[in-house]
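**Student:** Chains A and B, in that order, are what the protein sequence lines are. The opening position of the first sequence corresponds to residue 1 in my numbering, with each subsequent residue numbered one higher. The opening position of the second sequence corresponds to residue 1 in my numbering, with each subsequent residue numbered one higher.
Among the clues, some could well be false.
Below, a list of computed lysine to aspartate or glutamate pairs in the DMTMM-like style, where the Cα atoms sit at most 25 Å apart [said to hold, decoys possible]:
{"hint": "1", "chain 1": "A", "residue 1": "318", "chain 2": "B", "residue 2": "326"}
{"hint": "2", "chain 1": "B", "residue 1": "318", "chain 2": "A", "residue 2": "326"}
{"hint": "3", "chain 1": "A", "residue 1": "229", "chain 2": "A", "residue 2": "278"}
{"hint": "4", "chain 1": "B", "residue 1": "421", "chain 2": "B", "residue 2": "278"}
{"hint": "5", "chain 1": "B", "residue 1": "421", "chain 2": "B", "residue 2": "87"}
{"hint": "6", "chain 1": "A", "residue 1": "318", "chain 2": "B", "residue 2": "320"}
{"hint": "7", "chain 1": "B", "residue 1": "318", "chain 2": "A", "residue 2": "322"}
{"hint": "8", "chain 1": "B", "residue 1": "318", "chain 2": "A", "residue 2": "311"}
{"hint": "9", "chain 1": "B", "residue 1": "421", "chain 2": "B", "residue 2": "155"}
{"hint": "10", "chain 1": "A", "residue 1": "363", "chain 2": "A", "residue 2": "87"}
{"hint": "11", "chain 1": "A", "residue 1": "363", "chain 2": "A", "residue 2": "428"}
{"hint": "12", "chain 1": "B", "residue 1": "90", "chain 2": "A", "residue 2": "278"}
{"hint": "13", "chain 1": "B", "residue 1": "229", "chain 2": "B", "residue 2": "278"}
{"hint": "14", "chain 1": "A", "residue 1": "318", "chain 2": "B", "residue 2": "322"}
{"hint": "15", "chain 1": "A", "residue 1": "421", "chain 2": "A", "residue 2": "278"}
{"hint": "16", "chain 1": "A", "residue 1": "214", "chain 2": "A", "residue 2": "278"}
{"hint": "17", "chain 1": "B", "residue 1": "421", "chain 2": "B", "residue 2": "222"}
{"hint": "18", "chain 1": "A", "residue 1": "318", "chain 2": "B", "residue 2": "311"}
{"hint": "19", "chain 1": "A", "residue 1": "121", "chain 2": "A", "residue 2": "179"}
{"hint": "20", "chain 1": "A", "residue 1": "90", "chain 2": "B", "residue 2": "278"}
{"hint": "21", "chain 1": "B", "residue 1": "90", "chain 2": "B", "residue 2": "365"}
{"hint": "22", "chain 1": "B", "residue 1": "214", "chain 2": "B", "residue 2": "428"}
{"hint": "23", "chain 1": "A", "residue 1": "421", "chain 2": "A", "residue 2": "155"}
{"hint": "24", "chain 1": "B", "residue 1": "90", "chain 2": "B", "residue 2": "428"}
{"hint": "25", "chain 1": "B", "residue 1": "214", "chain 2": "B", "residue 2": "278"}
{"hint": "26", "chain 1": "A", "residue 1": "399", "chain 2": "A", "residue 2": "179"}
{"hint": "27", "chain 1": "B", "residue 1": "214", "chain 2": "B", "residue 2": "155"}
{"hint": "28", "chain 1": "A", "residue 1": "421", "chain 2": "A", "residue 2": "87"}
{"hint": "29", "chain 1": "A", "residue 1": "214", "chain 2": "A", "residue 2": "155"}
{"hint": "30", "chain 1": "B", "residue 1": "318", "chain 2": "A", "residue 2": "320"}
Quick caveat, the hints were computed from the structure, so don't treat them as lab data. Nothing here was measured: the structure is a model prediction, and the numbers come from that model.
There are 2 protein chains.
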Amino acid sequence: MIIPKNKFAYSGILVGLLLIFFTGAEAWATSPGAATAAETYLWLALLLLFAKISGLIEKIGQTAVLGELLIGVLLGNLYLLGIDLVEPAKTNQIIAFLAELGVVILLFQIGLESSPTAMRKVGVPAFLVACIGVAVPFATGTYLVGPWLLPGLSDNAYLFLGATLTATSVGITARVFSDLNVLQSREAQIVLGAAVIDDVLGLIILAVVSAIVKTGEVSAGEIVWITFKSVLFLLGAIVIGNRLAPVIGRWLSKVHTGTGMKFSIMIAFCLIFAWLADLIGLAPIVGAFAAGLVLDEVQFRDFAQPELIADIRRITAKSDPDTARDLRQTLEHYEKNSLQVLIEPVGHFLVPLFFVFTGLQVKLDVFFSTATLVTALGITVVAFIGKLVAGLAAGPANKWIVGWGMAPRGEVGLIFAVTGKALGVVSDQIFSVIVAVVILTTLLTPPILTAVIRRAGKHRK
Amino acid sequence: MIIPKNKFAYSGILVGLLLIFFTGAEAWATSPGAATAAETYLWLALLLLFAKISGLIEKIGQTAVLGELLIGVLLGNLYLLGIDLVEPAKTNQIIAFLAELGVVILLFQIGLESSPTAMRKVGVPAFLVACIGVAVPFATGTYLVGPWLLPGLSDNAYLFLGATLTATSVGITARVFSDLNVLQSREAQIVLGAAVIDDVLGLIILAVVSAIVKTGEVSAGEIVWITFKSVLFLLGAIVIGNRLAPVIGRWLSKVHTGTGMKFSIMIAFCLIFAWLADLIGLAPIVGAFAAGLVLDEVQFRDFAQPELIADIRRITAKSDPDTARDLRQTLEHYEKNSLQVLIEPVGHFLVPLFFVFTGLQVKLDVFFSTATLVTALGITVVAFIGKLVAGLAAGPANKWIVGWGMAPRGEVGLIFAVTGKALGVVSDQIFSVIVAVVILTTLLTPPILTAVIRRAGKHRK
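In isolation and in its complexed conformation, chain A is listed as follows (with noise of 0.2 Å):
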C-alpha cells in the first residue's frame, strides 16, 4: 500500500496541493496575457504530480502512459464543466515545447535501448510492415470508407483522409513497450522499424498529397528528390554516426571533466540529429531515434557515477575472489547502460508531460454530434483493421502485437488533418473526425496492446 501510517500527513499533503493547484490556476486565469515563467513553473508541478498520480493506473494493470493520457484528457475537458482553470496551461507555449522536447527525449531514451544490429535482422519484415501498413489505410481511406461515410466531398478531401490514415505515432507503443519491458522482443524492434519507415513513406506521401491539392499534379522528380533526402538522412546518420561515435566515446572516457562534459555532448548529439530530421522534412523524433542508435553501438564507460564506480572498483580490488567477480558483474552491467542512467531523470521530467499535454489538447465535445461520432468510429475501425493487416507481414513474430503497435495515430496524424485545414482541403467536420479517429487510436492502443503482450506471455514484469 502506498499510503503513508500519518493519514492526517497524507491528507494533508492532499488538501495542500488542491489548494496551490486552484490559487495558482485562479492566479493565473485572472491575469491576461502571457505566463509568467513562475506561473509556468507551478503548472510544470501540477502536470508533473497529476501525472505520476495518474500512473498509479500501474497498480490496476495499466500501462503509466495511458494514465497520464487520461488524467491530460480529463484536466483538459474541465472547461466543459464550466472549470476553465486549465486552458492557460493548454496554450502555453514553454508547456508545449517541453512536451515537444519530451518526446525527442524518449525516442532518443528508445533509440539508446534499441540496438541496430537487431533493427537490421528484422529490417525485411519492418519494411513490409511498413508499406502494407501504409498502403491498406491509404487505398481503403480513399478510395473506400471516405466516399462511403462522407459522401459528396471533393476528391482531394478522400485523399487526405486517406493520408492521415497511414501515419503511425511511435511515441504511444514505444512507452507501452517500455512500460512492459519489452522493447528487447522481436516484435517491438519491428514496431519501431517499421514506425520510423512509416514516418518517412508519411513524409513522402504528405508532399505529394500537398502537391497534388497546390498545383493539381506533382512531378516525379519532386517525388523522387524527397524520398531520396529522406533515406539519404537516416543513412547517413546511421553510417556517419556509427563512425564518430566510438571516436567520441573513446576521447570522451580520456575527458577527466566529470560528468556535465559527457552528458551535455550526448544531449547535444540527439537535439542536432532532431533539429537534422526536421530540417529536411522528418520528425525530430526520427533524428532522436537515430541519433540513440548511434550511440548504442558505443561503449560510453565511466559515465554516470564515477566516483561510486571509483569506490566499488577499489574496494572490488581487495575483496576475496568471489565477492570480486559478483561486484564486477554488476558494474558491467551498470556500465552498459550508463548513457541511460543519466538521461533517466531528464526523462522522468520531461516524458510525461508529453503524454499529459496530449491529453489536454484532445476536446471531448468532438464526440457530442451523432453523427460525427458514428462516422468516426467507423473510420477508427478501418484505421485499425490496415494497421492489423500489415501485422501479417510480420513473419516469424506475434502478428497482434505488431498489428495493434502501428495503431496509434498520434500527432503525426494530426500533423497531417492541420495540414490538410491550412490547405484549406479538410473541412471542419472531416477535421473533427479525424481528431476522433486520432483520440480513438491513440486512447485504446495502451490498454488493447497491454493485453494482447500479456496474453502472448512476452511481458517480463
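Assemble the complex: chain A is given as a structure, and chain B must be docked to it using the hints.
**Tutor:** Same frame as chain A, now just chain B:
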C-alpha cells in the same frame, strides 16, 4: 590532454560543428517570426556545447562559470562585428525560460547541499553582513557617489541607483563556491544566508522606492506588510517544509514505483516553492533555495539507481566482514547524496544555459562612451567597497571571501534598473551605467573570488 589520438576525427567534429552552427543560424536568421521547436533544439545543443567547451577554462585555473559567462559575452557581441547569427538566440523565449529554470535548479541544488543547521549557526553574522551590505551601498549610492559622478539628476534617480547597488546575485557566487568545492565552508554559508536575507531586504527597498517614486510617499503599514509576508514565507517554508519533508520522504521510501515518482515529487516541490516565492514578490530562486534546504534534512534513501544499490546490498550480505564494511560505507555516502545524484543531470542540462544566456545579454557597446565607462568604473569601485565593508561583519571567518562573495549584482541588479526605467526615473544614461556596473561586478567577481579562496587555501580540489 583532451585531444584524441585521431586528430583527423577531432577536426572533423569541429568542422562539422561549425558547419551546423552556421547553416542553422543562417536558416534561423532568414526565417522571420518565432523560432520553431527544431531551431530551439539546435540553439540548446549549440549553447550547451559552447558552454562545455568554455568550461575548459578550468584547465587554466579559472572556474567554469567565468568561461560560460565569457563565451556568452563573446557570442552575444558578434553583432558588433556585423555577424548577427546569434541574435535570434538572445530573444528566444524558450531559451530565456530554460535559463531561468536553470538558475532555479542551481539554487535548489545549492539548498540541497546546504544544511539548515549550519545555516542557523551563521545566522547572526549572515544577518549583519546582509544589513550592512544593503545599508552601505544604498547610502553611498544615493547620497554620495550618485550626486557626485552623475550631477544634476532628480533625487528619485539617485534613490534608484542606490537601490540597485544593494542587490546581491547569489547565482554567480554560489557557482564559484560550488566549482571550487567550498560550499560547506563557513564563508560560503554566511554568503548564502546573507544573500537570501539581502533578497528580502532588496524586495522591501524596491517596493518602498517604487512607492515613493509613484506617490511621493509610502505608508509605514505597507513597509511592514511587505516585510511581514517575506519573513513569513521564509520561516513558513522552513518550518512547514521541515515537518512535511520527513513525511514525504518516509512515504516515498515505501512506494515501489521506481525513481520516476520520487524524482517528480522532488522537482515539483522545488517548482512550487519557486512559484510561491514569486507569488509573494520574492525571487523564485529564493523559494527554490528554501525547498532544497528543507529536503536536505530528510534521508531520501534508495532514490538513485535502486537496482545497482540492491545488487551491491546482496553482494555485501555474503562477502567477508572487511569488504562488507567498505561497501556499506560507500553505499551510505552515496545514499546520503541520493537527491543530488538524481537532480544532477537536469542541472547539467539547464544550469550552463543560465550563465551563457546571461553573458549573451551583455552589450559591450555600453563601454564605448568614455564618460559612461569612467562613471561606471567609479560606481563599480563603490559597489565593491560597499560589499567588502559588509564582509567585515562576518565574525570569525575570512572577511575577504565573504565580501567578494556578496559583490556580483547579476540579474537582481538588472531587475531594479528595469523597474526604474519602467517608472521613468532611470534615464538611458543611468541605465547604461547600471548595466555596466552589473556586468563588471558579475564578470570580475569569479576570477577575484577564485584567487581569494585559493590564497586562503580553502578550496579542496
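**Student:** Determine for every hint whether it applies to the structure shown.
**Tutor:** Results of checking the hints against the structure:
{"no.": "1", "hint": "318/A / 326/B", "in the structure": "10 Å, holds"}
{"no.": "2", "hint": "318/B / 326/A", "in the structure": "10 Å, holds"}
{"no.": "3", "hint": "229/A / 278/A", "in the structure": "12 Å, holds"}
{"no.": "4", "hint": "421/B / 278/B", "in the structure": "21 Å, holds"}
{"no.": "5", "hint": "421/B / 87/B", "in the structure": "23 Å, holds"}
{"no.": "6", "hint": "318/A / 320/B", "in the structure": "11 Å, holds"}
{"no.": "7", "hint": "318/B / 322/A", "in the structure": "10 Å, holds"}
{"no.": "8", "hint": "318/B / 311/A", "in the structure": "19 Å, holds"}
{"no.": "9", "hint": "421/B / 155/B", "in the structure": "15 Å, holds"}
{"no.": "10", "hint": "363/A / 87/A", "in the structure": "12 Å, holds"}
{"no.": "11", "hint": "363/A / 428/A", "in the structure": "14 Å, holds"}
{"no.": "12", "hint": "90/B / 278/A", "in the structure": "22 Å, holds"}
{"no.": "13", "hint": "229/B / 278/B", "in the structure": "12 Å, holds"}
{"no.": "14", "hint": "318/A / 322/B", "in the structure": "10 Å, holds"}
{"no.": "15", "hint": "421/A / 278/A", "in the structure": "21 Å, holds"}
{"no.": "16", "hint": "214/A / 278/A", "in the structure": "22 Å, holds"}
{"no.": "17", "hint": "421/B / 222/B", "in the structure": "23 Å, holds"}
{"no.": "18", "hint": "318/A / 311/B", "in the structure": "19 Å, holds"}
{"no.": "19", "hint": "121/A / 179/A", "in the structure": "24 Å, holds"}
{"no.": "20", "hint": "90/A / 278/B", "in the structure": "22 Å, holds"}
{"no.": "21", "hint": "90/B / 365/B", "in the structure": "16 Å, holds"}
{"no.": "22", "hint": "214/B / 428/B", "in the structure": "19 Å, holds"}
{"no.": "23", "hint": "421/A / 155/A", "in the structure": "15 Å, holds"}
{"no.": "24", "hint": "90/B / 428/B", "in the structure": "21 Å, holds"}
{"no.": "25", "hint": "214/B / 278/B", "in the structure": "22 Å, holds"}
{"no.": "26", "hint": "399/A / 179/A", "in the structure": "20 Å, holds"}
{"no.": "27", "hint": "214/B / 155/B", "in the structure": "13 Å, holds"}
{"no.": "28", "hint": "421/A / 87/A", "in the structure": "23 Å, holds"}
{"no.": "29", "hint": "214/A / 155/A", "in the structure": "13 Å, holds"}
{"no.": "30", "hint": "318/B / 320/A", "in the structure": "11 Å, holds"}
Figure legend: structure checked against the earlier numbered hints; every hint is met.
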